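Work out the full structure: start from the sequences and follow the hints.
Residue numbering for the sequence shown follows my numbering, beginning at 1 and increasing consecutively.
None of these hints come from the bench; they were simulated from the model.
A quick note: this is a predicted structure, and the numbers were derived from the prediction, not measured.
There's no promise every hint is true.
[As the list claims (entries may be wrong)] Here are the in silico distance ranges between beta carbons for each label pair:
#: 1; residue 1: Q14; residue 2: E70; range: 15 to 25 angstroms
#: 2; residue 1: E8; residue 2: E52; range: 13 to 23 angstroms
#: 3; residue 1: M54; residue 2: D9; range: 32 to 42 angstroms
Glycine included, C-beta positions come from ideal geometry on N, C-alpha and C.
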Amino acid sequence: MLYVLYGEDGFSRQQALDEIKSTIGDETALATNTTVLEGQQATVDQIRTVAETMPFLAERRLVIIQGLLERFESRTKAGRRKKAAGVSSRQNRMSTSPWLTIWLRYLIAPWWCWWMER
1 MLYVLYGEDG FSRQQALDEI KSTIGDETAL ATNTTVLEGQ QATVDQIRTV AETMPFLAER
61 RLVIIQGLLE RFESRTKAGR RKKAAGVSSR QNRMSTSPWL TIWLRYLIAP WWCWWMER
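Next comes the structure, spelled out in structure tokens:
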């Protein structure tokens, strides 16, 4: 399952993330099965590896990638597509993987969500 949390209201984003976290299980399961990555430095292979990791003594894993879409901001349409190609090619495998949550302050690249749905 893929969630994109965005907007200027940090409190509401945090509430939504807390609600998602509550579905993982108790605090021990949450701590064991949560990974936080910084979107500006994370590579496609790192994201794929973490997202495909099976949960430990829980039904789900939670992967939080902060600021990922900001990385794909580009001045040209061709540049945006080229940068998103590596991520979109792995979307089908990740759709059956653990939960992937992308935490954003602003949705800078709405085309990326459309590109991922294709």
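Hints, one by one, checked against the model:
no. : hint                          : in the structure
1   : Q14 - E70: 15 to 25 angstroms : holds, 18 angstroms
2   : E8 - E52: 13 to 23 angstroms  : violated, 32 angstroms
3   : M54 - D9: 32 to 42 angstroms  : holds, 34 angstroms
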